[in-house]
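2 protein chains.
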Amino acid sequence: MKASPGLARYLPCIEWLRAYDARTLIDDLLAAVIVTIMLVPQSLAYALLAGVPAEVGLYASILPLVLYTVFGSSRTLAVGPVAVASLMTASSIGSLGLTTQAEYLQAAMLLAMLSGLFLLVLGILRFGFMANFLSHPVVSGFITASGIIIALGQVRHILGINADGDNIPELFSTLFEHLGDVNGATLGVGLFTLAFLAAARIWLKAGLSALGVPAFAAGIVTKAAPVVAVVITIIWAGLAGLGDQGVALVGMIPAGLPSLVMPPWDTEMVRELIVPAILISVIGYVESVSVGKTLAAKRRQKVNQDQELIGLGAANIASAVSGGFPVTGGFSRSVVNFDAGAQTPAAGFFTAIGIAIATMTLTGYLALLPKATLAATIIVAVLGLVDVSILKKTWVYSRHDFIAVAATIGVTLLAGVEIGVSTGVLASLVLHLYKTSRPHIAEVGEIKGTKHFRNVKRHKVETSPDILQLRIDESLYFANASYIEEEIFRNLGERKQLRHVILMCTAVNEIDISALEVLESINEILAEQGIGFHLSEVKGPVMDHLEGTHFLKKLNGQVFLSHYQAVQTLLLEDTLLSL
Amino acid sequence: MKASPGLARYLPCIEWLRAYDARTLIDDLLAAVIVTIMLVPQSLAYALLAGVPAEVGLYASILPLVLYTVFGSSRTLAVGPVAVASLMTASSIGSLGLTTQAEYLQAAMLLAMLSGLFLLVLGILRFGFMANFLSHPVVSGFITASGIIIALGQVRHILGINADGDNIPELFSTLFEHLGDVNGATLGVGLFTLAFLAAARIWLKAGLSALGVPAFAAGIVTKAAPVVAVVITIIWAGLAGLGDQGVALVGMIPAGLPSLVMPPWDTEMVRELIVPAILISVIGYVESVSVGKTLAAKRRQKVNQDQELIGLGAANIASAVSGGFPVTGGFSRSVVNFDAGAQTPAAGFFTAIGIAIATMTLTGYLALLPKATLAATIIVAVLGLVDVSILKKTWVYSRHDFIAVAATIGVTLLAGVEIGVSTGVLASLVLHLYKTSRPHIAEVGEIKGTKHFRNVKRHKVETSPDILQLRIDESLYFANASYIEEEIFRNLGERKQLRHVILMCTAVNEIDISALEVLESINEILAEQGIGFHLSEVKGPVMDHLEGTHFLKKLNGQVFLSHYQAVQTLLLEDTLLSL
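Just so you know, the protein sequences line up as chains U and A, in that order. Using this note's numbering, you'd call the opening residue of the first sequence number 115 and step up by one each time. Using this note's numbering, you'd call the opening residue of the second sequence number 115 and step up by one each time.
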């Protein structure tokens with residue numbers, strides 16, 4: 115990919131529009147049709163999950179997709195309402211104590227606006243690197259826990275009872291409380307849809323493949339199963355009059371496109387929604403970039419992290435002004451888009467047109483759609499997100515990673531998504547700092563005749579009683595400076611013959627000013643005892659900083675380029691002195 | 115120092131009491147007399163600074179010292195009210211909006227209790243290492259800024275006007291507002307004391323030394339100057355009837371020792387004071403440990419960080435139940451204690467007795483003491499804390515350290531101590547993470563004939579067009595995993611001949627599971643292109659984790675003990691293949 119000059123840097127669409135031709139158009143159109151079919155029921159379902167009217171899900175799948183087409187840097191990412199962001203929307207607005215549906219909807223629009231502005235500002239500041247501060251296992255753990263909460267939260271729609279909560283204890287207690295109110299007809303529709311979708315998932319793909327349908331096409335047809343379930347249950351509801359049997363239906367949806375309107379800027383509400391907006395943005399962004407990168411890598415394309423912030427920011431602002439709620443790039447729909455052959459973000463633009471047509475023409479039929487059908491769709495979709503294997507993986511590989519993941523999953527399940535994700539971020543940062551604050555320090559010696567120095571405890575090496583050779587396996591900075599000082603003096607221990615201490619700095623990538631002060635004090639104390647203090651293998655960037663410091667001027671010893679050279683020089687000096 | 119078994123681990127006093135003799139007793143008694151003389155005016159002054167009645171400063175210098183004698187691990191640290199903690203006390207209680215002096219005092223006691231409990235719990239959990247998370251320059255910057263705020267805050271007492279605030283803008287605006295109310299007599303007392311203390315500081319020590327008085331003794335006499343100023347201005351106030359001329363006096367102080375009482379446990383107030391208590395504890399602890407360590411190093415003694423938490427925790431709880439406010443180890447009084455020859459913490463116990471006697475006998479005379487005298491004492495004392503050279507030092511050494519210090523000083527001056535210190539801690543952590551999230555990656559080659567490999571940009575080295583040798587100067591973890599992936603592929607660049615990539619892992623101290631996933635994906639992509647992927651110089655602890663992972667099983671290459679061996683082996687293989 116050649117560098118995009120000027121405007122194209124901020125409008126990635128200029129790049130791909132240049133090479134746009136009829137063949138690309140056909141590929142994109144086909145993908146758009148398939149994604150539209152998949153996205154209609156998903157949009158309705160995630161609106162239900164977020165607690166907003168069903169049509170809001172459709173609105174959030176029109177204008178945001180257009181904006182992402184213009185500003186997004188991923189070729190195949192499909193943007194729209196997704197499960198985790200919808201749950202987080204419900205959770206954060208639910209805690210505001212709003213009474214009317216209109217207020218709730220305005221809060222959802224405001225949340226999308228704040229989230230969009232936050233992403234846009236980060237993008238303009240080129241803060242894409244911030245995404246890296248979320249560790250991958252923590253994100254996986256969070257999504258797994260969210261999936262469980264979402265699935266359990268939908269059980270009430272399957273049972274046709276009232277229950278609420280954004281964490282497991284609340285959900286269980288309210289479910290049990292209302293267990294007497296189960297509606298048989300609702301349960302019937304719910305269980306049928308669950309069974310239908312599960313069967314499609316398990317057998318349809320394999321069956322189609324057996325019939326000679328290519329695997330990717332079979333996969334796409336399977337993803338269309340929810341649409342079939344929607345059609346079947348709408349007909350069922352119409353014929354059997356399910357509405358009169360107490361089955362909750364989606365109800366009348368206003369036909370036509372959303373009107374453009376600014377969400378009301380209520381300062382008090384902004385204050386309460388700013389933290390949730392940041393959390394939703396960050397989680398949505400990290401997931402989105404990770405999906406975008408995975409797909410891009412398959413076609414040797416690239417995703418620009420900063421441009422993605424701008425693309426997703428623009429999409430969320432678009433969602434806010436067109437009556438929608440927070441959106442981001444979704445995993446399963448992006449994979450469908452990719453597998454269906456989408457070549458450029460234009461596929462997203464065509465999908466938006468498809469959803470717009472559906473919004474204008476199909477809403478009349480959706481009035482009869484049972485909510486239980488949508489709930490079953492959600493349950494089957496999110497159970498795919500649940501992956502507890504990350505717990506086993508981290509347990510085997512590293513206890514620190516395991517603690518961070520287990521804390522994230524545990525806290526998310528028990529106390530909800532916002533505290534859960536904050537716990538995850540904090541736990542991984544604190545554990546990282548804790549690790550670097552107590553670094554591994556190895557005494558080293560030469561593996562005979564190799565000029566290569568390794569840990570005396572792990573390898574058969576040669577050492578000299580005159581020289582203590584310590585390799586510090588960490589940068590020296592404020593969090594470990596005094597620990598390292600203590601460890602060095604502990605290693606000095608009872609060595610009566612000691613003449614020199616060499617710090618081997620192969621793993622020292624930084625010496626900050628706190629650590630520099632500690633080195634000065636070590637140098638002073640060693641000098642008083644007549645012991646030389648030397649450094650070896652100091653890296654260029656570290657040496658640049660040390661150059662000209664008081665420490666280097668007062669150093670009671672030398673800085674050697676290689677550790678081998680240090681040992682040879684000091685041994686020779688000692689031999690000469692003892693002659 | 116031999117290991118202290120059993121009880122002595124928690125009661126360091128058992129250790130030194132064993133060896134206590136008459137000579138040590140005399141040394142400790144002498145030091146105690148000198149510290150007592152210095153501590154009486156300081157205690158009164160810091161009480162004034164904290165906003166509590168003068169006698170509270172004395173109370174905070176009795177029982178806390180006894181408890182620190184029993185539980186503290188530093189031999190010479192002198193505990194009591196200090197400037198920065200007093201300022202933080204005033205700032206945090208001031209924001210509660212309390213109306214009566216009694217409520218204010220109870221809040222101060224509660225603050226000491228919370229602070230003591232927090233320190234005690236950290237000590238029992240052996241969390242002494244937490245102190246290391248505060249970078250030294252940040253603490254210096256914070257103390258400098260606090261010193262400026264304290265000095266400026268005392269100006270109102272010198273001028274005899276009302277003014278208030280815990281940051282520079284507030285202080286300036288209220289000072290200017292009341293500038294018309296300046297009291298001449300107060301100003302006279304204030305300026306006299308300032309001039310007297312400044313003169314003592316500048317000439318007394320030099321003069322005494324010139325007269326043959328030993329330097330350490332001259333230093334101690336100089337430190338007693340505030341007592342002389344107190345005596346002079348009390349007499350002046352009595353003779354001239356300063357109280358009637360509008361000079362604010364300390365007023366009647368209840369004689370006798372404080373009675374023991376639990377601070378009232380008001381849940382609402384606890385909630386509001388918990389964060390300030392934590393900040394005061396942390397700052398006080400870090401300062402105290404740093405003073406303790408410096409003094410201990412001079413006599414080859416040791417300070418146990420965890421035990422210090424327990425010692426200071428116990429001292430603060432003692433302060434809370436005896437009508438005091440937060441205390442910690444003070445710099446100047448500890449130096450006086452040390453220079454005066456204190457050998458054991460018993461000196462602190464004797465100081466407590468000295469202060470108790472003063473509380474019972476001297477309070478009658480203190481009624482006539484002008485507050486301006488105390489204010490001048492504080493100004494002269496805290497100006498010694500102000501040290502802006504840290505800004506220059508960090509600017510020269512490292513811009514990242516400079517940013518952290520400048521942010522701390524700036525925010526503390528403009529927005530007050532609590533936000534200031536939080537900013538400092540956050541800034542240093544975020545800057546550290548930022549640095550490690552964009553590590554230095556060097557292409558390396560052999561310095562001819564040395565088996566030693568260095569950066570191609572800094573040294574004349576030999577490389578092979580077949581082999582890309584990259585040294586990553588950082589541990590691989592979630593915050594830099596994707597940056598490193600991008601950099602590796604950027605370095606691959608346009609090398610058509612490339613057959614092998616070797617990652618030289620001398621500086622890699624950890625590979626977490628996020629980074630492991632990235633390595634797997636790099637390995638896959640390189641394998642597809644027929645490029646070998648190798649690691650060299652992997653450290654023992656890192657290798658322990660990698661052993662048995664999927665990554666190592668699928669690795670399209672080898673792990674070499676030394677980088678030299680890696681290059682030799684791969685070059686030989688290629689030569690054999692091309693035959």
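Bear in mind the hints are in silico, worked out from the structure with no lab data behind them. Just so you know, not all the hints are guaranteed correct.
Pair by pair, the computed Cβ-Cβ distance ranges are [said to hold, decoys possible]:
{"hint": "1", "chain 1": "U", "residue 1": "V335", "chain 2": "A", "residue 2": "D658", "range": "46 to 54 Å"}
{"hint": "2", "chain 1": "A", "residue 1": "L528", "chain 2": "U", "residue 2": "I471", "range": "54 to 62 Å"}
{"hint": "3", "chain 1": "A", "residue 1": "K610", "chain 2": "U", "residue 2": "S692", "range": "50 to 58 Å"}
{"hint": "4", "chain 1": "U", "residue 1": "F603", "chain 2": "A", "residue 2": "D295", "range": "29 to 37 Å"}
From the three backbone atoms N, C-alpha and C, an ideal C-beta is built for every residue, glycine too.
Comparing the hints with the structure gives:
{"no.": "1", "hint": "U:V335 x A:D658: 46 to 54 Å", "in the structure": "holds (48 Å)"}
{"no.": "2", "hint": "A:L528 x U:I471: 54 to 62 Å", "in the structure": "holds (56 Å)"}
{"no.": "3", "hint": "A:K610 x U:S692: 50 to 58 Å", "in the structure": "holds (57 Å)"}
{"no.": "4", "hint": "U:F603 x A:D295: 29 to 37 Å", "in the structure": "violated (58 Å)"}
Comparing the model with each numbered hint stated earlier shows that hint 4 is the single one that does not hold.
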